[in-house]
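Visitor: Sequence:
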Amino acid sequence: MADAARPSQDEFDRVLQESFRTWSSYLNTGNEDYLLPRHAIDLKPLVSQVPPFLGDGLAFPDERLSFACEDNQSTQRKEDLVVNGRSTWRTNKGTCNLPERVLPKQLLLAVGSRLSVMLSEDSPFSDWPRVQGLPGYDEGNYLSVLYFAWAYILSARWVELLNRSADHECRISYTAEGTEGQFPQSDKQAKAQIDIDDDASEEEALWWRAILCSGDGWDATTKYKNHVYLSPWSVSAKDTGFTLKTKASMRGISEPPSSNIALKYLSRFCVHHRLYAQCTVALAGVLYIPFLRGRTVTPHSQNNLLDLNK
Numbered sequence: 085m086a087d088a089a090r091p092s093q094d095e096f097d098r099v100l101q102e103s104f105r106t107w108s109s110y111l112n113t114g115n116e117d118y119l120l121p122r123h124a125i126d127l128k129p130l131v132s133q134v135p136p137f138l139g140d141g142l143a144f145p146d147e148r149l150s151f152a153c154e155d156n157q158s159t160q161r162k163e164d165l166v167v168n169g170r171s172t173w174r175t176n177k178g179t180c181n182l183p184e185r186v187l188p189k190q191l192l193l194a195v196g197s198r199l200s201v202m203l204s205e206d207s208p209f210s211d212w213p214r215v216q217g218l219p220g221y222d223e224g225n226y227l228s229v230l231y232f233a234w235a236y237i238l239s240a241r242w243v244e245l246l247n248r249s250a251d252h253e254c255r256i257s258y259t260a261e262g263t264e265g266q267f268p269q270s271d272k273q274a275k276a277q278i279d280i281d282d283d284a285s286e287e288e289a290l291w292w293r294a295i296l297c298s299g300d301g302w303d304a305t306t307k308y309k310n311h312v313y314l315s316p317w318s319v320s321a322k323d324t325g326f327t328l329k330t331k332a333s334m335r336g337i338s339e340p341p342s343s344n345i346a347l348k349y350l351s352r353f354c355v356h357h358r359l360y361a362q363c364t365v366a367l368a369g370v371l372y373i374p375f376l377r378g379r380t381v382t383p384h385s386q387n388n389l390l391d392l393n394k
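For reference, each letter of the sequence shown is one residue, going 85 to 394 in our numbering.
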């Protein structure tokens, strides 16, 4: 019997075809007036019923937790770390009185290598199509910048949640490349200048520098059974060619921000540039990172990619 949790094959195929037609239509670059429907960027209906990551909110904040982890024996990628969990399915009140069913499930907890990210100059979304009902927002295209910001924020939150486990030693830190690496100086090297606002603090500017620099600007790690693993959202930025536009000094040394502080930095950036839909789309892309292990993704970039004064 088909229901919301177990759609029929016909219903599954219908939704798949509808999604395919919708997203394929956005590749039609000849239709410059076509706008994305508002529901295409609304993540809340998709994630509202998703269980909290690592049981966040289900235990007292200071309570120590233990996770049933399994390292590199039954995983497809031998350097990954998984956590064993289970889901419980039961019917609501009605005429059927079926017993609940418990299904085992392995979830990716940590990885052994970063996801390589290279910027592409010929992406179908190089020109942001805009969204219905949001005039005056999302001018220009900031997807690459927002993508790197969300990858850090999710990784920082991962460290904070996993730190509650007595079996893990978690930390987030800047690398020498993230704090000391040089941005491209010539116009030929630089693809885009990122305006992070002249009111940005030194700590804020250092954070943007670390997450946008070419290479591995930060580490989010956990040590488990004498082996060091990375956050599932760890990325390696390849030749971004970004420079920062700000009056803030970037010569100091500071600790990486918490997920909440980094989210505030991202929010300030979005307010400064009137970004709304692109921030949500970038988050959706970053949530998909754990499914791309061993691959390279290419968010778009172009010479006028982030004309931040548009």
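The reader is advised that the hints may include incorrect statements.
Straight line, CA to CA, 30 Å or less: simulated DSS-like cross-link-like pairs of lysine-lysine [to be verified]: (1) Lys-348 to Lys-309; (2) Lys-128 to Lys-307; (3) Lys-128 to Lys-189; (4) Lys-331 to Lys-189; (5) Lys-189 to Lys-322; (6) Lys-177 to Lys-128; (7) Lys-177 to Lys-189; (8) Lys-329 to Lys-307; (9) Lys-331 to Lys-309; (10) Lys-331 to Lys-307; (11) Lys-348 to Lys-322.
Restraint-style ranges between C-beta atoms, simulated for each label pair [unchecked claim]: (12) Leu-187 to Ser-103: 20 to 28 Å; (13) Gln-101 to Gly-220: 30 to 38 Å; (14) Ser-257 to Asp-126: 33 to 41 Å; (15) Glu-184 to Ser-333: 57 to 65 Å; (16) Arg-148 to Gly-220: 44 to 52 Å; (17) Arg-148 to Lys-331: 24 to 32 Å; (18) Arg-122 to Leu-187: 29 to 37 Å; (19) Lys-177 to Thr-106: 33 to 41 Å.
Read the hints as simulated data drawn from the structure, not as lab findings. C-beta atoms are modelled at their ideal positions from N, C-alpha and C, and glycine is treated no differently.
Visitor: Evaluate each hint against the coordinates.
Guide: Cross-check of the supplied hints:
no., hint, in the structure
1, Lys-348 to Lys-309, "violated, 34 Å"
2, Lys-128 to Lys-307, "violated, 33 Å"
3, Lys-128 to Lys-189, "holds, 24 Å"
4, Lys-331 to Lys-189, "violated, 49 Å"
5, Lys-189 to Lys-322, "violated, 34 Å"
6, Lys-177 to Lys-128, "holds, 26 Å"
7, Lys-177 to Lys-189, "holds, 26 Å"
8, Lys-329 to Lys-307, "violated, 37 Å"
9, Lys-331 to Lys-309, "violated, 45 Å"
10, Lys-331 to Lys-307, "violated, 38 Å"
11, Lys-348 to Lys-322, "holds, 26 Å"
12, Leu-187 to Ser-103: 20 to 28 Å, "holds, 26 Å"
13, Gln-101 to Gly-220: 30 to 38 Å, "holds, 34 Å"
14, Ser-257 to Asp-126: 33 to 41 Å, "holds, 35 Å"
15, Glu-184 to Ser-333: 57 to 65 Å, "holds, 58 Å"
16, Arg-148 to Gly-220: 44 to 52 Å, "holds, 48 Å"
17, Arg-148 to Lys-331: 24 to 32 Å, "violated, 44 Å"
18, Arg-122 to Leu-187: 29 to 37 Å, "holds, 34 Å"
19, Lys-177 to Thr-106: 33 to 41 Å, "holds, 36 Å"
Checked against the numbered hints above, the structure breaks hints 1, 2, 4, 5, 8, 9, 10, 17 and satisfies the rest.
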